[in-house]
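If you read the protein sequences in the order shown, they are chains D and V.
Each residue of the first sequence is one higher than the one before, counting from 234 in our numbering.
Each residue of the second sequence is one higher than the one before, counting from -6 in our numbering.
Listed below are several chain D residues computed to face chain V (Cβ distance under 8 Å; list not exhaustive):
1. Glu283
2. Phe284
3. Ala287
4. Val288
5. Ile290
6. Ile291
7. Ala294
8. Ala296
9. Val299
10. Leu302
11. Phe303
12. Met306
13. Leu307
14. Pro363
15. Asn364
16. Val365
So these bits of chain D aren't anywhere near chain V, every CB distance computed over 10 Å:
17. Val241
18. Ala243
19. Ile254
20. Gly338
21. Ala341
22. Thr349
23. Phe373
24. Ala379
25. Glu381
26. Ser396
Worth flagging that the hints you see were computed from the coordinates, not collected in a lab.
Being a predicted model, the structure only gives us computed values, none of them experimental.
We put the CB at the ideal spot given by N, CA and C, even for glycine.
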Amino acid sequence: METIVFVVGALVCLVGAAGVIGFRNPVHSALSLVGTLFGIAILFIALDAEFLAAVQIIVYAGAIVVMFLFVIMLLGVDQEDDIRLDPLKGQRTAAIVAGVLLFAGLAAIVVLGAVTGEHAANAEVQPLVPNVEQLARSLFTDYLFAFEITSVLLVIAVVGAVSLARHRKEAFIDELPHDELPPVVAPDVELEAVSSDEVAS
Amino acid sequence: MIPVLANTVLADDPLLSGHIDFGVLAIVLVKAGITLGITLLATMLMIWFERKVISDLQNRIGPNRAGPFGILQTLADGLKVLLKEDLIPDQSDKWVFRLAPILTMVPAFIVFGLIPLGGDFRDGNAGVVHIFGHDTTLQLADPGAGVLVILAMSSIAVYGVMLAGWSSGSKYPLLGSVRASAQMVSYEAALGLAVLAVVLTAGTLSVNGIVASQSTWGWNLWVTGLIPFVIFCLAATAELNRPPFDLVEAEQELVGSFQTEYSGFRFAIFYLAEFLNAITMAAIIVTLFLGGPNGPTPDVGPGWAWGFVWFFIKIVAILYVFVWTRASVPRVRYDQLMDLGWKLLIPAGLGWLLLLVALRVADAEGWGFAGMLATIAVGVTLALACGSVLVLANRIGRRNRQLEGVID
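Next comes chain D alone, as it looks inside the complex:
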């Protein structure tokens, strides 16, 4: 039973992930990403972490990917980008190196590690205590400081994004000639993603 659920969940994840990098159309990629996120939610449920599963869908599928799609639609980047252009010099080499290292690390764990079937010592399984209660107890007691610091970080990110995105302009945006239009700043994306993340969590 557990194996079947795992295989289905993992397949959904992998097919989605392949779709994200495989599709040429950014909207199709974003939709595949939703598939991957649902696969991960299935795996969370199989691990008895139904709170994480629900939050995974609310935050990632429901807020962040919606924001991706929103930006894609608003900016109309449904034309294919020229794949030969490399906007960041050396990013491809870096990505290949990082990917190979990550894969080597995972492979090493699979090859060298042994599956004992024991539960992790620092993540105790308490089947009779509801998920949310366990999480809340550790978040608001042992890890309260980290939790609060994270929320402060999110607020700083939101305020920073707003102040970066706001620029005083003298004329209406549609009165400017086309080549003088203010550039669309990337922090807009960050702002939406972070703020919806914070709201949902």
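Place chain V on chain D using the hints.
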């Protein structure tokens, strides 16, 4: 694996806590079938109900040809639309165009599966009924993170409208879907804050637990103090894109919005989904705030059947209010919609939640009646102070934008 799952994920359903045999499986399948049937039938009747009520409110007769009182009108329309040509525009994204209508239906069905439709919740009896030698609830599934699953589905629901508009490959649908996604994402926060107040008072995320905690007269409508209910109803109307928040379908501005390019049966699916979503949202409101199937139970017939009756009456009342609102309130402007969501509903929801938390702390610490009053006084003073700062900040922001010439 199974017992662990049964204990936590499927928290309260006694059906799945024991040994799972074919009887249990059959009951689950029958429940799924019944839920699907009820949902489809209810959607059909809802379309008739809305058309009939709104024609009453507008001094018309409304559908009166097919069947008694025109009750079969939806069926006739459905047959007609089935025979229509199914067009897929040349400029459209074929796959996403086909996918979008389905995506508007599925979340509503899933949410309906989480709602207890009947059952007797008196005396700590969590709506459990005894059929064919098994105990079960009159609810398809009750996951431990129940309310969160409802919120997750309502956040997924935006995909249908959004993708329909984008994939049509035409201007007005795209504008409509951009509006829709901005609106639905904005109001989700207010929706979540109102739900949070309910979760706080019930002390559980399980839908069954929330209904049980309201038995028989402890409805969250007054237990959470009315404000979360009002916020939830407003946010729900906006989430449903129903009037007065139907900017997504503002036909004077956007032609038919996201469904402009749809025809035939695909259009019918959008049409059905609109009403299905209204029913599901009404069911959520009834479950979270109006006690679900709770109500006075006379000693006639089985107790769980009265649960069905009360649930039905409440849901019809809420749906009537939806239709009534549609008939009486004109559509708001887009900036008014956003101002209402971000500057009023979210701060009010947050403030009220903090007040409820303070009261709970006062209760838990045993400060007594005087302490409660003091907490309320301090809380209200703080809320007023924060509210004034917010109003002031809004004024300053508005003046700045006027100085920059962004607005008049």
